[in-house]
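**Student:** Line by line, the protein sequences are chains Y and E. So the first sequence is residues 1 to 437, counted in UniProt numbering. So the second sequence is residues 1 to 276, counted in UniProt numbering.
Careful: at least some of the hints might be erroneous.
Facing chain Y, from chain E, some residues (calculated, C-beta under 8 Å) [stated by the list, open to error]:
| hint | residue |
| --- | --- |
| 1 | E39 |
| 2 | S44 |
| 3 | Y68 |
| 4 | L124 |
| 5 | L129 |
| 6 | I132 |
| 7 | R175 |
| 8 | N217 |
| 9 | A220 |
| 10 | A221 |
| 11 | A231 |
| 12 | S232 |
| 13 | Y233 |
| 14 | P236 |
| 15 | L239 |
Quick caveat, the hints were computed from the structure, so don't treat them as lab data. Owing to the predicted nature of the structure, the values given are computational and were not obtained by experimental measurement. Just so it is clear, CB atoms sit at the ideal spot from N, CA and C, and this is done for glycine as well.
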Amino acid sequence: MSLKSTLSAATALALVTAGGAYAEAHSPTITIATVNNGDMIRMQGYTDQFTEQTGINVEWVTLEENVLRQRVTTDITTSGGQFDIMTIGMYETPIWGSNGWLVPLDNLSDDYDAGDILPAMAGGLSHDGTLYAAPFYGESSMIMYRTDLMEAAGLEMPEAPTWEFIRDAAAAMTDRDNDINGICLRGKAGWGEGGAFITAMSNSFGARWFDEEWNAQFDTEAWANTVNFFKDMMDASGPAGYATNGFNENLSLFQQGNCGMWIDATVAASFVTNPNDSTVADSVGFALAPDTGLGKRSNWLWAWALAIPAGTQQQAEALQFIEWATSKDYIELVAANEGWANVPPGARTSLYENPNYQDVPFAQMTLDSILSADPQNPTVDPVPYVGVQFAAIPEFAGIASEVSQEFSAAYAGQQTVEEALAKAQDITTEAMEAAGY
Amino acid sequence: MARSTTTRRKIITTAAAWAIGFTIFFPILWTILTSFKTEAQAISDPPVFLFFDWTLENYAVVQERSNYMRFLWNSVIIAGGSTVLGVLIAVPAAWSMAFVPSRRTKDILLWMLSTKMLPAVGVLYPIYLICIELGLLDSRIALVVILMLINLPIIVWMLYTYFKEIPGEILEAARMDGASLKEEILYVLTPMAIPGIASTLLLNFILAWNEAFWTLNLTAAKAAPLTAFIASYSSPEGLFYAKLSAASTMAIAPILILGWFSQKQLVRGLTFGAVK
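Generate the whole structure from the sequences, applying the supplied hints.
**Tutor:** As structure tokens, this is what we get:
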């Protein structure tokens, strides 16, 4: 090759490379803050396809849930503008929407079919009827149980059991000599850990956080019944140290065959039935979360959703990404590559009408659980707040964290249930008065 | 008799030292071992110690999911930059406090240290707003300056302690020989305090490397260091211990290697002047 042609080829290559670099540097880039869970991580793997389709680059900031919450709260309250899309939940969305911190998602395209979003999800992610975040996936809670242990105990799990049945079944399945605990539940302090569980459970016992005048209700018989029932059952049939167990600890126990039953997030179903991680994958059954016959079950409702902070300079690009990531096409894309069991669940009605998805063992129970939770009317008696396992007011996270610490101390035997409830009443009353309710 | 007592004491002391050292190191060792297990082995009960099928799969997954080198580079710049900048400012400050003290020197030292007692979250919003105004959010410059300021009291205190051990007469002699202030600090004081300065550098590098409040709160995609890298593998729902351990091992590896190679210097510096 002559010097001239070599130089020409080198120049052409340099121009093409420089052109590519220029195009990449000057194409829009959106930054997305998100949580570390399987569905979100999977979505990051498909981002290149979005970039190919739209020319929009995507930068991911993945953080642990509590760190993310603190991080995005700081940013949105100071108009920091660090993120173009934030992954937030059902707790934050209505509060931030009402504060004007989020861009209303009222101009979604017809192709997107916003009417297909499950009504329970759309309701929990709206304020005054306006959607502020698009659900990427949704979850409720349900019972996961060992079919072999249930059979050995001579029992049959009803599709919609009562708490009395669960307590008796747990006692029958418990075999502490062989490290089998009849039931594993969250007792860990934290409003999103043990606090979420006991709040959802209290709904089924007729308890509520506040009456219609925003008065704390921990001095009621319903709350005493809830916490006493929980503690008595866990002392008799739960694992040692349950007061410090959260989702991850119970997941490990269940996967290792140390739990007869586990009531927790529906997203756990895919973990406990995965033979690579779970030693009991082939003997897991599912049932609705228990009730006491008062008309409310003890399952919660949650969604991780994508929202656009009001201060972003790239609103159009962010909206484009949200439409792509929460679309029916995205679900099809994941199903085609990784199977229907791995698509993000709980967001769209059409997913549950899909015959392919109906073959997934936990699909129907997940849907039934989601549909049986009503964030607008979460309790037996009326309440002034929205939310099943939380009250969607800014003060709730702080109050519930303190209250759940008192409950955990009672589970650990450091104080009585009565003392814990009395302290919870004082903490809540004081905080609500200080907040001007 | 006396000889056997001494030997026995030596054996006991050595065994105790190894036991304490192993206990302190065990969590790190366990993290490293877990990073080579499968997820099922990572949570198995009873736990497996050494006899399992070693795998590099977790490292492959972490490498595929995250741009490790970018996080590492940010950590090096932030920790290194803040440490060097801090020492540059602290050396003259510690010199003046050690060799030309005023009546208020002790109070100033104590006041400087008392700023460490303020919870970081108490100044999160003001600093966040300043960073917004200056356009320094998600930038390494902001973190270099902030971590330098946070660690400055410790750097000054450490250097002050080392400088106090150096006889003032030597500096006086240098002055008598016509050394300027700059020459006195650069060519007389600094060489004598090298072990102290080295251990100060190392300790503050480690502190800055491990800092996880400001580095998480002031960064997003561009300036995030290894603390953000680890945080991205933690989850309240669905924690993958083996992958988290792999990420943790990758995050602590550089500082472990640095500590290993500089342990002599570090110990010498930390015990400098401890026994007269």
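**Student:** Look at each hint and say if it fits the structure.
**Tutor:** Now the hints, each set against the structure:
no.	hint	result
1	E39	holds, 5 Å
2	S44	holds, 7 Å
3	Y68	violated, 13 Å
4	L124	holds, 7 Å
5	L129	holds, 6 Å
6	I132	holds, 6 Å
7	R175	violated, 51 Å
8	N217	holds, 6 Å
9	A220	holds, 4 Å
10	A221	holds, 4 Å
11	A231	holds, 5 Å
12	S232	holds, 4 Å
13	Y233	holds, 6 Å
14	P236	holds, 5 Å
15	L239	holds, 4 Å
Checked against the numbered hints given earlier, this structure breaks hints 3, 7; the rest are met.
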